[in-house]
Amino acid sequence: MLSGTFFIFSSALGINRFPDVFTRLHAATKAPTLGIMSILLATFLFLYGSHQIVSGKLLLAILFIFLSSPVSGHMLSRAAHKANVKPYLRHREDEYETYMRTKNKKQAK
Amino acid sequence: MIDVLHVVEHILYITTLICITGIALSLILLIYRVLVGPSNPDRATALDVIGVCLMATAALTSILLATTKLNDVILLIGILSFIGTLALAKYLEMGVIIDRDSD
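So the protein lines, in turn, are chains D and Z.
Residues 1 to 109 in my numbering are what the first sequence lists, from first letter to last.
Residues 1 to 103 in my numbering are what the second sequence lists, from first letter to last.
In case anyone wonders, no lab produced these hints; they're calculated from the structure.
The beta carbon of each residue, even a glycine, is placed where N, CA and C say it ideally should be.
Where hints are given, some of them may not hold.
[Claimed, not checked] Taking lysine-lysine pairs in the DSS-like style, the calculated list, with each CA pair at most 27 angstroms apart, reads: (1) Z:Lys-69 - D:Lys-57; (2) D:Lys-30 - D:Lys-57; (3) Z:Lys-90 - D:Lys-30.
[To be verified] Output of the computed footprint for chain Z on chain D, the stretches with three or more beta carbons under 8 angstroms from beta carbons of chain Z: (4) 39–46; (5) 49–56; (6) 60–67.
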């Protein structure tokens, strides 16, 4: 439970510190997934230990978070790229931009 | 034996309170990001993480109250925040909901 809170808090700090949408998405997709999974696992173990209840809904919630968080991160990064937010690039080129440009050229031909 | 159980319950209570405080602090930081955020995808990202924080608060509340009635709430918040994030992303992209050309 403490580790889950630590991960969620560190991700909130990261969201406030990072300079750009894409680095912020890096903070916003992975760390809260681990945090919420550990907190829900703590709840499951607490209910099992104190009341002998095996709660399948909590396991379902863990599975759903594990599946849905990367999907939403991917959709948000696509949306941010198509909304013309410039990435924070220091020493690399924007590979997705060049890929889309070549693909559009092929379609134009 | 009863003393040990009592001490364990006390430790669990204090830990739950610490966790609720940490999640409240992170919610304050996330609301700052939603209000200030330089662009709209930032706000959408922060709203996604706010949904995760709401799930965490519901789980911690169910530990505090020792009930199983909040499990439905946790699952429902997860599903709704996922659908909301997808809708926001598609709105920011100005695209159709289901597109064939997916890359």
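So, going through the hints one by one against the coordinates:
1. Distance hint between Lys-69 (chain Z) and Lys-57 (chain D) is fulfilled; the C-alpha atoms sit about 11 angstroms from each other, no more than 27 angstroms.
2. As the CA atoms of Lys-30 (chain D) and Lys-57 (chain D) are separated by approximately 22 angstroms, the hinted pair is consistent with the 27 angstroms bound.
3. Simply put, Lys-90 (chain Z) and Lys-30 (chain D) have alpha-carbon atoms about 21 angstroms apart, close enough for the 27 angstroms limit, and the pair holds.
4. For the segment 39–46 of chain D, the assignment as covered by chain Z holds, since 5 residues bring a beta-carbon within under 8 angstroms of that chain's beta-carbons and 3 suffice.
5. Closer than 8 angstroms: that is the beta-carbon criterion, and the segment 49–56 of chain D has 4 residues meeting it against chain Z, so the requirement of 3 holds.
6. Coverage of the segment 60–67 of chain D by chain Z holds [criterion: at least 3 residues with CB-CB distance below 8 angstroms; count 4].
Taken one by one, the earlier hints all hold for this structure without exception.
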